[in-house]
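J.: Now for the letters of each chain:
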Amino acid sequence: MPNAIETNGLVKRFGATRALDGVDLRIREASVYGLLGPNGAGKTTTIRILATLLRPDAGTATVLGHDVVREARAVRQQVSLTGQYASVDEDLTGYENLVLVARLLGLGWRAARDRAAELLEAFALTDAAGRQVQTYSGGMRRRIDIAASLVAIPRILFLDEPTTGLDPRSRNQVWELVRRIAAEGTTVLLTTQYLDEADRLAQRLAVIDHGRVIAEGTSRELKASVGANALHVRLASADQRERTLQVIERVLGNGVLPAADSMEVAARLENPAQAATILAALTEGGVEVAGFSVGNPSLDEVFLALTGRPADGEAPETKT
Amino acid sequence: MISDALPTGERTHQLLTMRARPTPASAPSAVATLGWRAMLKIKHVPFQLFDVTVMPIMFTLLFTFIFGGALAGTPREYVQYLLPGVLVQTIVFITVYTGMGLNADIQKGLYDRFRSLPMWQPSPLFGALAGDVFRYSVASVLIIVMGLILGFRPQGGVVGVLLATALVLTFGFALSWLWIIVGMLVRTPESVMTTSFIFLMPLTFASDIFVDLSTMPGWLQTIVGRNPVTYLANASRNLMHGQDALADVGWVLAASAGIVLVASPIAMRLYRKER
Chain G
106 MPNAIETNGL VKRFGATRAL DGVDLRIREA SVYGLLGPNG AGKTTTIRIL ATLLRPDAGT
166 ATVLGHDVVR EARAVRQQVS LTGQYASVDE DLTGYENLVL VARLLGLGWR AARDRAAELL
226 EAFALTDAAG RQVQTYSGGM RRRIDIAASL VAIPRILFLD EPTTGLDPRS RNQVWELVRR
286 IAAEGTTVLL TTQYLDEADR LAQRLAVIDH GRVIAEGTSR ELKASVGANA LHVRLASADQ
346 RERTLQVIER VLGNGVLPAA DSMEVAARLE NPAQAATILA ALTEGGVEVA GFSVGNPSLD
406 EVFLALTGRP ADGEAPETKT
Chain H
10 MISDALPTGE RTHQLLTMRA RPTPASAPSA VATLGWRAML KIKHVPFQLF DVTVMPIMFT
70 LLFTFIFGGA LAGTPREYVQ YLLPGVLVQT IVFITVYTGM GLNADIQKGL YDRFRSLPMW
130 QPSPLFGALA GDVFRYSVAS VLIIVMGLIL GFRPQGGVVG VLLATALVLT FGFALSWLWI
190 IVGMLVRTPE SVMTTSFIFL MPLTFASDIF VDLSTMPGWL QTIVGRNPVT YLANASRNLM
250 HGQDALADVG WVLAASAGIV LVASPIAMRL YRKER
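In the order they appear, the protein sequences are chains G and H.
Every number in the numbering used here is 105 more than the matching position in the first sequence, counting from 1.
Every number in the numbering used here is 9 more than the matching position in the second sequence, counting from 1.
Calculated from the structure, these hints are not laboratory results.
Remember, predicted model here, so these are calculated numbers, not experimental data.
The beta carbon of each residue, even a glycine, is placed where N, CA and C say it ideally should be.
Please note that the accuracy of each hint is not assured.
[What the hints assert, rightly or not] Derived Cβ-Cβ restraints for the label pairs, each shown as a range:
1) G:S367 to H:P55: 54 to 64 Å
2) H:I232 to G:G235: 25 to 35 Å
3) H:L255 to G:R215: 20 to 30 Å
[What the hints assert, rightly or not] If the Cβ cut is set under 8 Å, some of the chain H residues that face chain G in the computed set are:
4) L25
5) L119
6) S125
7) Q164
[Said to hold, decoys possible] Covered stretches of chain G, as calculated for chain H (at least 3 residues, CB under 8 Å):
8) 119-126
9) 150-164
10) 174-186
11) 219-232
12) 383-394
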């Protein structure tokens with residue numbers, strides 16, 4: 106199958122900053138692909154170039170075989186973008202917004218009204234159809250915004266941080282929507298700072314940091330690159346962190362993973378049996394353990410392992 | 010049961026199934042649709058019309074009754090001179106809203122959606138302008154009706170008034186392009202207002218909208234006499250009162266054409282350029 110999206114050495118500068126510093130992507134059609142990275146990593150810039158809103162300073166990008174600069178119109182004909190901020194007119198009602206987009210996409214008035222009504226129903230917004238979007242809750246705004254992107258079903262849907270700022274229930278709704286859209290054959294490229302979001306939705310993902318792809322693969326592959334078995338020890342009190350680290354290092358030699366949370370210690374295990382030894386050693390050493398688990402490393406840990414700092418872009422934590 | 014749960018099943022499946030995308034709207038159709046959007050905005054936010062109605066009414070009343078006696082003998086005589094000028098002043102001022110509206114749309118991300126649609130790219134600009142010209146027209150009608158109530162008696166009759174209004178609208182349309190540029194360059198709608206008022210205040214007050222040129226000191230006459238707004242005020246006064254306005258009208262049309270020729274390519278360039 107050909108690639109739906111292909112970029113080669115994309116570079117984008119904003120003044121002195123290099124927002125993108127050579128991004129290469131290969132995204133297959135009919136999949137959900139995640140761009141994962143902290144704020145300012147270059148995720149939005151990548152999406153804006155692919156949606157023809159920005160021109161790259163160097164490198165090339167093709168969307169469904171069309172060059173995003175030279176054949177921008179052909180690209181626009183096949184893609185939809187839902188930006189980070191609701192790109193709908195807040196003064197208009199939800200219904201009017203959808204009719205507006207439908208008309209601009211070339212539907213006749215009647216067809217536009219019908220499409221708007223059925224989308225509102227599908228997005229559980231019929232009751233709010235006649236209200237101005239500015240009265241909508243965050244979750245409703247997101248839904249109307251995604252609905253506007255589906256007025257004509259695109260072959261590729263760009264979703265820029267689709268769940269940022271949403272409550273857990275609205276987030277679940279958006280996830281459910283993304284799955285359904287993808288199930289119908291639309292390729293979804295989404296950006297996210299939430300590692301569990303990428304983990305749940307995307308078949309493949311690229312981890313972006315400082316304008317570069319630092320890792321690419323399925324979430325399973327990325328996790329495996331960090332180590333198949335990860336131990337998580339949740340502490341009852343942060344005071345005992347030091348002691349816990351000593352115990353683990355004594356058993357494992359090394360393998361302690363940097364953690365973003367002071368109440369937690371994570372480590373890579375060579376085999377799961379080591380967990381029992383560690384638990385015994387901790388109990389013996391008088392460490393009060395609030396939680397203890399062995400499993401795949403979380404994408405948080407993947408990110409830490411790849412960049413040496415937590416995904417939220419804070420300074421690297423010094424290992425003790 | 011949660012009321013906003015997403016419906017499932019065959020219905021949703023049909024909705025999300027890929028169909029051939031329609032042929033995108035033609036340029037005129039896209040512009041008309043975006044003009045429709047501007048009308049909807051007026052419907053939902055009628056406050057937008059507040060400025061274009063209350064300000065000119067206030068200005069006309071204040072100037073007519075406070076200065077009218079002093080400037081022209083009686084308020085009724087003064088309103089004959091003032092009214093075409095108030096029309097000019099109002100329209101020139103409200104052109105700023107074009108830039109403010111555009112700026113707000115860009116900041117909110119709405120233009121990201123517009124620009125990612127497969128339509129003629131400048132459609133949103135022209136759609137917004139169409140809506141603005143409608144607002145200017147509403148303001149013009151209101152001002153003229155109020156003038157008639159206050160005793161304004163245009164000697165040029167209906168034709169003269171219509172011609173004058175058309176001329177003012179033309180100039181307003183041209184001027185809007187300047188604020189479109191400002192709207193794309195600055196960060197907030199408020200900065201659009203502040204920036205443009207720096208130009209608009211002297212442009213409208215250093216003109217002969219309120220008082221005749223001959224009452225001003227010589228050096229000021231030189232400046233005021235070259236102000237395009239003075240030409241516009243003169244032209245609309247003369248048209249409304251059925252006097253020869255050919256030279257002034259020519260000047261205004263030339264100035265409008267000049268502004269559009271210079272400003273619109275810059276505006277388009279900025280529009281196409283990324284943000």
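J.: State for each hint whether it applies.
T.: Now for the hints, and whether the structure bears them out:
1. G:S367 to H:P55: 54 to 64 Å: holds (55 Å)
2. H:I232 to G:G235: 25 to 35 Å: Given range 25 to 35 Å: violated, Cβ gap about 53 Å.
3. H:L255 to G:R215: 20 to 30 Å: Given range 20 to 30 Å: violated, Cβ gap about 49 Å.
4. L25: holds (4 Å)
5. L119: holds (5 Å)
6. S125: Check passed: Cβ of H:S125 comes within 4 Å of chain G, closer than 8 Å.
7. Q164: Nearest chain G Cβ about 42 Å off; hint violated.
8. 119-126: violated (count 0)
9. 150-164: Coverage by chain H holds for the segment 150-164 of chain G (6 residues, Cβ < 8 Å).
10. 174-186: holds (count 7)
11. 219-232: Satisfied; 8 residues make the cut.
12. 383-394: violated (count 0)
In terms of the numbered hints stated before, the structure departs from hints 2, 3, 7, 8, 12, listed from lowest to highest.
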